[in-house]
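Taken in order, these protein sequences are the chains called A and B. Using UniProt numbering, you'd call the opening residue of the first sequence number 1 and step up by one each time. Using UniProt numbering, you'd call the opening residue of the second sequence number 1 and step up by one each time.
Just to be clear, a hint being listed does not mean it is correct.
[As the list claims (entries may be wrong)] 25 Å max Cα-Cα, derived PhoX-like pairs, lysine-lysine:
{"hint": "1", "chain 1": "A", "residue 1": "Lys219", "chain 2": "A", "residue 2": "Lys275"}
{"hint": "2", "chain 1": "A", "residue 1": "Lys275", "chain 2": "B", "residue 2": "Lys269"}
{"hint": "3", "chain 1": "B", "residue 1": "Lys269", "chain 2": "A", "residue 2": "Lys235"}
{"hint": "4", "chain 1": "B", "residue 1": "Lys269", "chain 2": "A", "residue 2": "Lys192"}
{"hint": "5", "chain 1": "A", "residue 1": "Lys192", "chain 2": "A", "residue 2": "Lys159"}
{"hint": "6", "chain 1": "A", "residue 1": "Lys275", "chain 2": "A", "residue 2": "Lys59"}
{"hint": "7", "chain 1": "A", "residue 1": "Lys235", "chain 2": "B", "residue 2": "Lys201"}
Don't read these hints as lab results, they were simulated from the structure. As the structure is a prediction and not an experimental result, all values here were calculated from the model.
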Amino acid sequence: MESLVLISSSVFQFLQWILAQLRITRLAQRSLLRVLAAGPIPQHVGFVMDGNRRYARGKGKLVQEGHGDGYLALRRVLEICLRLNIRCVSVYAFAIDNFKRPQQEVDALMQLAESKLLELCSHGDLLQEYGVKLNVIGRRTLFPDSVQAAVCKAEDLTKGNNRSILNVCMPYSSRDEMTTAVEDCIREALAKDVDYFTADDPIEGITEDTIDSHLMSVKRGSPPLDILIRTSGVKRLSDFMLWQCCENTQLHFSNTYWPDFGLFDFVPIIFEWQKSVWFRRQDVLFGGSSAS
Amino acid sequence: MVLAYPFLALLHAIYSLVILSISFFRHLTRQTPSPLHATRRRLPKHLSIIFVSDEDFEEQTNEYCITESIHRAISWCQQLGIPQLSVYDAEGIILNNAEAIREAVVPESRVKDSELDRRHIHYPPTPPLSDYSESEPLSPKGVSNSHGAFLSFCISPIQSASRASKKPHSLTLNVLSRETSKPSIASTARAIARTERRNYKAHNVRDTFELSVNSLESCLEGKNGLSPPDLMIIHPVHPSKYHRSPIELHGYPPWQIRLTEIYCNRFRKQYEARLMWFLPLHVSSTLLSSSLTEWEFREAVDQFATAEFRLGR
């Protein structure tokens with residue numbers, strides 16, 4: 001029985017090697033993405049990259065290696081998104097609450113962030129190739145100085161790009177983003193004086209739209225969030241873009257761990273999006289007439 | 001590029017077939033949730049239900065299904081001892097029927113006060129101190145309290161509870177609407193700003209205004225606010241139409257859903273819907289619209305019991 005498994009797996013590996021040599025899989029992937037891009041495509045997709053540690057534990061790897069594989073998955077998924085012409089991608093890289101993790105793991109994550117951000121933005125790499133602007137969203141002052149410097153440098157390298165946006169949320173929490181937005185609104189309103197002639201009180205002008213426009217991600221040019229994907233089977237939002245995703249955002253909870261997340265997890269989500277857009281159009285076309 | 005469209009259509013057709021077979025397989029292998037009274041590892045302290053109605057269909061069906069679901073949910077929560085239940089819909093159907101719901105669940109409501117009037121809904125004028133006690137006794141006998149932009153009534157325990165071992169629980173029912181969502185955060189912001197300006201004028205000092213997550217939290221969730229739900233059930237009244245697209249939250253208050261476990265049964269009435277595909281949408285949807293079932297409720301509570309909370313660690 002065991003030998004059979006061994007033989008079949010080696011045959012499979014051989015086949016995979018041949019395919020890799022012929023670059024057929026790559027070609028097939030690209031053409032699949034081109035076909036997909038012919039339909040409606042969401043503007044803004046968010047990812048909660050969850051499951052790196054469980055993935056590492058399952059494979060008998062170190063936690064740090066799990067995070068490293070998570071970074072590779074991010075590159076893979078990002079390239080898929082960019083090939084599909086998705087305008088904005090947001091990823092939840094590090095939560096403010098993640099600072100509570102063991103010091104060793106936090107240090108490793110900081111190192112990873114520092115080196116990989118610069119790698120992503122360097123000349124000739126993914127972000128430059130596709131004209132992507134990098135935004136690091138969150139309470140950066142919580143980072144060690146070296147990481148803050150790397151973040152500034154990385155953002156500086158891509159500030160001229162305008163085709164797409166990559167929001168890396170770290171150290172982020174949605175409540176923190178909302179609080180900052182509310183704080184900014186109030187500060188602005190307090191700075192202005194009441195116009196006694198028109199009785200226009202700036203404080204009374206604070207509405208949900210005002211708060212929305214003061215959110216960090218919106219200020220940096222992100223369109224409304226269309227799809228939110230959470231990996232590793234957890235059915236919670238865990239403080240990621242709550243304000244943005246509580247309305248008109250499709251939620252997907254995928255059972256795959258983030259490092260394993262790839263084309264075949266993502267394509268069904270795009271299919272669902274396209275289906276819902278088509279049905280909505282159909283409802284607009286036919287629903288209105290049947291109601292009247 | 002022209003060739004891409006037929007390919008895309010073909011892919012969608014294949015995908016639909018795959019999904020159909022997978023869902024058929026899941027339907028065959030699905031597990032029956034544990035019975036209502038089974039002992040579970042963890043029970044939610046605050047359950048929230050989002051009702052998704054569709055304006056395209058008859059208002060009466062919507063109202064009937066939603067009201068029936070709420071009555072059922074109240075009874076299950078009382079039986080399990082879940083102390084708080086919030087019901088939400090984006091169109092305000094529940095809020096419009098709040099009086100009827102209250103009369104049905106609070107039988108001894110002799111008090112016909114005008115507090116239910118929506119004009120009386122008030123927002124906390126000043127940021128309350130960060131007390132986090134939500135278990136403080138509300139008005140004793142089902143008198144409605146108007147909290148920050150939502151209605152809340154206290155339902156006294158059922159006397160005829162057969163399970164005498166557990167003491168009967170009272171239940172707080174919150175009726176939420178779109179107003180409780182983002183507009184409530186905006187009005188809290190306005191209230192804080194007003195207080196701040198008054199302070200400026202009184203002391204005549206101007207330093208930069210600062211707001212911490214905790215102080216905003218105490219305004220939104222504190223004394224007059226809405227506490228965050230542990231478990232959320234999304235219940236589409238017309239599942240056949242809703243299940244064509246992925247789940248959404250329909251504008252539920254964003255601040256509170258940070259750690260909420262989200263549940264939605266995607267398989268309810270799926271087969272009936274497939275069998276009735278030839279009927280016009282409004283006919284099939286009226287036939288298929290339904291209230292919350294005990295099956296869904298049990299499945300949701302089971303999902304919550306097995307969930308793992310790591311809180312960032």
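Each hint, compared with the structure:
A C-alpha spacing of about 30 Å is found between Lys219(A) and Lys275(A), which places the hinted pair above 25 Å, so the restraint is violated. Our distance criterion of 25 Å between C-alpha atoms is met by Lys275(A) and Lys269(B), whose separation comes to about 20 Å. With a C-alpha separation of about 22 Å, the suggested pair Lys269(B) and Lys235(A) falls inside the 25 Å cut-off, and the hint holds. For a cut-off of 25 Å, the pair hint linking Lys269(B) to Lys192(A) is broken: about 56 Å separates their Cα positions.
Proximity of Lys192(A) to Lys159(A) is assessed by CA-CA distance (about 31 Å); at most 25 Å being required, the pair is judged violated. Restraint check: the Cα-Cα separation between Lys275(A) and Lys59(A) comes to about 36 Å, which exceeds 25 Å; the hinted pair is violated. Distance check on the hinted pair: Lys235(A) and Lys201(B) sit about 48 Å apart at the alpha-carbon level, beyond 25 Å; violated.
Checked against the numbered hints given earlier, this structure breaks hints 1, 4, 5, 6 and 7; the rest are met.
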